[in-house]
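Engineer: Chain residues, written in single-letter form:
Number of protein chains: 2
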Amino acid sequence: MIILDGKTLAAKIRQELKLEVSELIKKNIVPHLGVILVGEFAPSVIYVRNKETACAEVGIKTQTLRFNEDITEQQLLEKIREWNDDKTIHGILVQMPLSKSIDEQKVLDAIKPFKDVDGLSAMNLGHLVSGKPPIFYPCTPSGIIELLIRYGITIEGKHCVVVGRGELVGKPLANMLLKKDKTGNATVTVCHSQTQNISNFTRQADILIVAIGQAKFIQKDMVKQGAIVVDVGVNRISKNGSTKLVGDVDFDEVSKIASAITPVPGGVGPMTIAMLLKNTVKAAKQQIIEAKN
Amino acid sequence: MIILDGKTLAAKIRQELKLEVSELIKKNIVPHLGVILVGEFAPSVIYVRNKETACAEVGIKTQTLRFNEDITEQQLLEKIREWNDDKTIHGILVQMPLSKSIDEQKVLDAIKPFKDVDGLSAMNLGHLVSGKPPIFYPCTPSGIIELLIRYGITIEGKHCVVVGRGELVGKPLANMLLKKDKTGNATVTVCHSQTQNISNFTRQADILIVAIGQAKFIQKDMVKQGAIVVDVGVNRISKNGSTKLVGDVDFDEVSKIASAITPVPGGVGPMTIAMLLKNTVKAAKQQIIEAKN
Chain A
1 MIILDGKTLA AKIRQELKLE VSELIKKNIV PHLGVILVGE FAPSVIYVRN
51 KETACAEVGI KTQTLRFNED ITEQQLLEKI REWNDDKTIH GILVQMPLSK
101 SIDEQKVLDA IKPFKDVDGL SAMNLGHLVS GKPPIFYPCT PSGIIELLIR
151 YGITIEGKHC VVVGRGELVG KPLANMLLKK DKTGNATVTV CHSQTQNISN
201 FTRQADILIV AIGQAKFIQK DMVKQGAIVV DVGVNRISKN GSTKLVGDVD
251 FDEVSKIASA ITPVPGGVGP MTIAMLLKNT VKAAKQQIIE AKN
Chain B
1 MIILDGKTLA AKIRQELKLE VSELIKKNIV PHLGVILVGE FAPSVIYVRN
51 KETACAEVGI KTQTLRFNED ITEQQLLEKI REWNDDKTIH GILVQMPLSK
101 SIDEQKVLDA IKPFKDVDGL SAMNLGHLVS GKPPIFYPCT PSGIIELLIR
151 YGITIEGKHC VVVGRGELVG KPLANMLLKK DKTGNATVTV CHSQTQNISN
201 FTRQADILIV AIGQAKFIQK DMVKQGAIVV DVGVNRISKN GSTKLVGDVD
251 FDEVSKIASA ITPVPGGVGP MTIAMLLKNT VKAAKQQIIE AKN
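Protein chains in written order, with my numbering: chain A, 1 to 293; chain B, 1 to 293.
Just chain A, with the same shape it has in the complex (with noise of 0.2 Å):
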């Protein structure tokens, strides 16, 4: 049984593209993330916190905007098109979620796609459906693909098993596992809590990936001996006064069987942030070509 160690991979992948920074920095060229925070919901202040370290760690400037809860959309709309025409803003990223007021895709969509680093505006997301790629991928699907690929998973022919159906995860990731080559070329399942009879489901995968929100949902008996397991759950349980992380998987029962299995923490997580720094390095190269042309 292998671990699939999201964590060491994705420092491995920090180390590439802070040579890649290097590269763009002796031609006098930093890329820069701008970050809108909004609120002090106390998740997204320690995930912003991780994405600026995480980016100071590879040499991306960062430079981010607090604005209380009661920021209107109208202001949010307003500094993205700031930012969409500021030539020293490489990608924008907007910290999920925004008040509840606020129509949080309209924000998203205000993003230019070439600075949506993130990939969850609808020009982005829309090429995930279109016969043409998206300039970004989403974060975390790429993140679980790029994890998969790196192990040496074979992806195409396989039936993958999507448990969860956001739009942060579950929708974009079915998707991008039907891209015609390697990294897809899946045949994919969508579960979520609709379906019926799950285990039906789960027990077919051969990759089986779940976002589906809660802790250890998925138990032994839901899993095929051999299959590969991805866990996107991040839940917080209070125990004897502490919190923990843990999945959408009972790690410990599953882990007996499968063939390979994430932890959480130290899985897909750091693998996400990681992909935000690749596109934020992809961003600042493009926006050099488009200069000079």
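Rather than coming from a laboratory, the hints here were simulated on the basis of the structure.
Certain hints may be false.
Note: identical chains are not told apart, hence a pair may lie in one copy or across any two.
Calculated lysine-lysine pairs in the DSS-like style (CA-CA distance at most 30 Å, straight line) [as the list claims (entries may be wrong)]:
#, residue 1, residue 2
1, K100, K285
2, K112, K179
3, K182, K106
4, K106, K179
5, K100, K180
6, K216, K132
7, K112, K282
With chain A fixed as given, assemble chain B onto it according to the hints.
Structural biologist: Using the frame of chain A, we list chain B on its own:
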């Protein structure tokens, strides 16, 4: 066994739309569809003629611009921008395929989302993946769902197996069948040319939707007893000097075990056009509301 008679249902929908259009005409608004047709590709010429005829029947005005194969991408984009700004044009349809030198998706993406009655621009397709609904759903997938719903077939909780991962049917349909309402909530599997042991998947389908573009690809032994079968295929077969249209499903054999099945022709095809009309009427209504605001 029920024949899912798309031809008769589409005629009924056209009658409903005719009433809606007559209400609009009383307010001096005539829904108006702009159509772009490039080249002389015979099926495209026929499709456009069928669309024009259907529009005329319900009272939608059409204006078709025909261009030679040598029209440039830039010229097409300019025409679309002109129609985007033309308040008398409510919907814009670009008949595919275009000539090989043209980036088809770039042309589709140029159509403003609220005039994109074919639902194929990245902005509308992206909202199939995001949490926010698109303004228009693509016509063939929504025709399939409308056909099922109007025949009283429950989609929720069913296992829908989609054969084919094209950008016009397979992929958008798979996303739509995951929607969180009674037109979705299905468990969805997408199979395609790279799927291993495809019968294993098709035989599990409660609802089997086939859009793979191969005549009689689905044989009786690939279908579960009592399944609902939707055939999106349109294959032209020459026999004894005459041309015959056949679907992707071996209708004569599969209809012996299916509980419901669409014929070809007369199944999905007329529903696709009905959804185009529905979208165009919706576009006209929405643009009136916008003009008032």
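Engineer: Are the hints correct? Go through all of them and say.
Structural biologist: How the hints compare with the structure:
1. With identical chains, the CA atoms of K100 and K285 are at most 30 Å apart between copies only, with a shortest distance of 29 Å across copies and 35 Å within one.
2. Proximity of K112 to K179 under the C-alpha cut-off of 30 Å is found in both arrangements, the shortest distances being 24 Å within a copy and 27 Å between copies.
3. When the C-alpha separation of K182 and K106 is checked against a cutoff of 30 Å, the pair qualifies only between copies, where the shortest distance is 25 Å, while the shortest distance within a copy is 33 Å.
4. Taking the shortest Cα distances, K106 and K179 sit within 30 Å of each other both inside one copy (27 Å) and across copies (19 Å).
5. Taking identical chains as interchangeable, the C-alpha atoms of K100 and K180 lie at most 30 Å apart only when they sit on different chains, with a minimum of 20 Å there against 38 Å within one chain.
6. Within a single copy, K216 and K132 get their C-alpha atoms only as close as 37 Å, which misses the 30 Å cut-off; across copies the closest is 29 Å, which meets it.
7. For the homomeric pair K112 and K282, the shortest alpha-carbon distances inside one copy (15 Å) and between copies (28 Å) are both at most 30 Å.
Of the numbered hints stated above, none is contradicted by the structure.
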